[in-house]
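Trainee: Residue-level listing of the chains:
There are 2 protein chains.
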Amino acid sequence: MRDELQHRKNLQKMLEQVTVLLKKQELEKNLVHKQQQPRHDLVESLLFKRHLVELQQKLEQFHPADIAFVLENLPLEQRMIVWQLVKTEHDGTVLLEVSDAVRKTLIADMDNHEILCAAQHLDSDEIADLVVDLPKEIASELLISLDSEDRAKVQSALTFPESTVGALMDFDMVTVREDVSFDVIIRYLRRLKELPEHTDQLFVIDRAGNLKGLLPLKYLLIRAGKTRVSEVMIQKPIFFYTNDVAREAAQAFKRYNLISAPIINIHNQLIGRLSVDNIIDFINETSQKEILSQVGLSEEEDLFAPFWVCAKHRWPWIALNLMTAFIASRVINIFESSIEQLAALAILMPIIAGIGGNSGTQTMTLIIRGLALNQITTHNWLRLLFKEVSVSLTNGLLWGSVVGLFSYLLYKQLLLSLVMMAAMILNLLVASFAGVFIPLILEKLGRDPAMGSSVMLTALTDSMGFFIFLGLATIILL
Amino acid sequence: MRDELQHRKNLQKMLEQVTVLLKKQELEKNLVHKQQQPRHDLVESLLFKRHLVELQQKLEQFHPADIAFVLENLPLEQRMIVWQLVKTEHDGTVLLEVSDAVRKTLIADMDNHEILCAAQHLDSDEIADLVVDLPKEIASELLISLDSEDRAKVQSALTFPESTVGALMDFDMVTVREDVSFDVIIRYLRRLKELPEHTDQLFVIDRAGNLKGLLPLKYLLIRAGKTRVSEVMIQKPIFFYTNDVAREAAQAFKRYNLISAPIINIHNQLIGRLSVDNIIDFINETSQKEILSQVGLSEEEDLFAPFWVCAKHRWPWIALNLMTAFIASRVINIFESSIEQLAALAILMPIIAGIGGNSGTQTMTLIIRGLALNQITTHNWLRLLFKEVSVSLTNGLLWGSVVGLFSYLLYKQLLLSLVMMAAMILNLLVASFAGVFIPLILEKLGRDPAMGSSVMLTALTDSMGFFIFLGLATIILL
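Protein chains in written order, with the working numbering: chain A, 736 to 1213; chain B, 736 to 1213.
Heads up, some of the hints might be wrong.
Pairs involving identical chains hold if they fit within one copy or between any two copies, as the list cannot separate such chains.
Unchecked claim - Simulated pairs of lysine to any residue, SDA-like, Cα-Cα distance not exceeding 20 angstroms:
| hint | residue 1 | residue 2 |
| --- | --- | --- |
| 1 | K1179 | N745 |
| 2 | K764 | V788 |
| 3 | K764 | G1181 |
| 4 | K784 | L857 |
| 5 | K989 | S1022 |
| 6 | K1024 | M1186 |
| 7 | K1024 | L1140 |
| 8 | K1179 | Q747 |
| 9 | K822 | M968 |
| 10 | K764 | I1211 |
| 11 | K961 | V919 |
These are calculated hints, taken from the structure and not from any lab test.
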């Protein structure tokens, strides 16, 4: 009985099945080559193809999203073998599902005709997503091949910046007028034969295309057939403009548990729909981007790209970090003679710098999160700064004493211990100010506060940590 | 026209409106106190209450999720004033929406009767979420107040570990038999009068409660009334077991664009439903947790908690980082005499340690992401290790030369430059091995590879960086 149903598919297992079949095929190919004797062509190609046919049958059972997963996680050569076996009707959907870096490798392998075929199975909002990654001439050929209505939709979708609601919009919606009865609507829906995916409600518009309200689909089932739309429709729905910030729309979907929402233009005309599957994709992509950008990687990082491509991707990050490390090292250089007189300073200085960086990163993470969740206002940022500074002062006094005690046990120099303690308090204060102000200033400048902020913070806490500790030591001890 | 509709609500504005009203009320309270003369009681209390009444009217227009947002972002004292004004019927929903830390402060302010009232408006899966945060005696009183069916549901929901599908389950579903016609179902739905939120499909079960298939709600609208369920139902739906990993269910919802999915027990009996709103909440919570746990904070961090509570929350992180910093400093201590002889070593050593930490964190972020997305298998981890080591070697040679050149320009010592270069290559290799193995080992040990991994990595790259650089310098230069 259980086998009749389909459990959530096991991705690891799917990937393994494909890999095993690819390996078998590889092995036999090598075997034939090693035997050196040219066999009969037919036999040879049959042997080659046996596992590929089996593989193709496997792939046909896979959901396009799962094919995308498998393609993303195969090395380039094997990826191309599998890509050739995917049915053309799935090509478009798979291309949309894979990451940007992998999409480029797949498109490079397709000729113009294949690309145009793949696009035939896509909606206009999906074509818009694909078009940006196509070579220019194929992109324009593709646009010409569309009918004028679809072409207009694709072109309008292409005009919206990536972080806006417009970029997530689709056009799959059913509209009704407010003066019709449910019986009429049901007859209309039966003629349509199919409803767009994720249709949880119909959009009510007037003759001019203005949004008047929403009609949840379930009303059609639980209310009598002679009910009119205007009697029961939701008259104050949550809607979005195309230029609304996508991140805020995602938060609205989460807060109000939405499945779909209308998108209107500034003239209040309904022009599209935002649906929860696009929101989930957006949330996933954003959080991936955030995690990667914090360590200087782009979302396009392909786990299986050739190593020299990966190496090159990391150059800006290494260069940036080397630069800040050099600056910190120049700060230490100022106190070269102090270190020559008292090597203990060199031994203890990384403690002060390190703890400042760690504590500042905590503060900064809270502030960045607060900004992303709209928690920080002109009314409360000063209160937050005050709190973070108080926390740093408290922890500086407490853990500064601990550090002072330890260094006293090691070096038996009371003054050195006091310098450690004072430097730790001061650097924690620097860290808390930096942790609050760096993201706030980046946000004010219209930049993403998460990007690059941690490099700036540690550059500051390292340099200042060394400067404060070595400076105090030079003044007080030497 | 536009005002008739409701735009996605502006959270910042809502928060500001509340803050302004609270401030006005505060001001007037102070004014009355300052005048020192006891006014007539009635006038005084009227003045006090005027703004509160206005505030209450505002709050009544807010969605419970927005009230939760406002409560989360007010300092404790103001939070309590607002909480008193929230209508009892919303109490339960608001409690579910706020973060754990804020929920505790709100519950502490309610008496037993208020808590029981709040729970009356909740479903059994929601009560299960709330019960864990209640004082024990109220929790059991609440359970007793439920009817036996609901109590059984709450108790079963309480048994599922937080990271499983069972913990996200709700019981809001409509079931039908496979031999009935659409006309019969529609009559049945009309009698129900209301369908559960996010009902995009009905669950088809047999007499024994076994899941037989799914019936999308839209089929009822687009197919003829005499159609039977068995003719059109989806016979191989994607389903989940209660003990499936929640993270994988979330990925399945994303891949297959699901709105809801059935949850069954090992006997194939339908026991609950997983719906997209719970998945979105889960994704949000998980990514929040991930970002915070990387810097040693818990998801329960309340931005407006008193500063000494925050200070205490950060002790384990400071203690941990101080410990690793001390270990690194002990490594430097081994080479005290080398530093006394050549202070340049102390000036250059942070560069080697720092760049190792940054590069290793990049590698580790990719591996942690790969593990989370199921991308890393027994077939490919060795290939990934090899790639990361190659990348480190390449970048070590390239940027090691750059670093060597710079230090030659500064110190004009060829051997010192060669030591810098060699130490950089070696520490980048250490970093790439650590970046691959730390998360893989944590995962193998059944722990979350994201938690604590970056502390371990930087502890290693710092200590090894100092050891390699100072060790090589001592052998070659001194």
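Trainee: Under the constraints set out in the numbered hints, which ones does this structure not fulfil?
Mentor: 3, 4, 7, 9, 10
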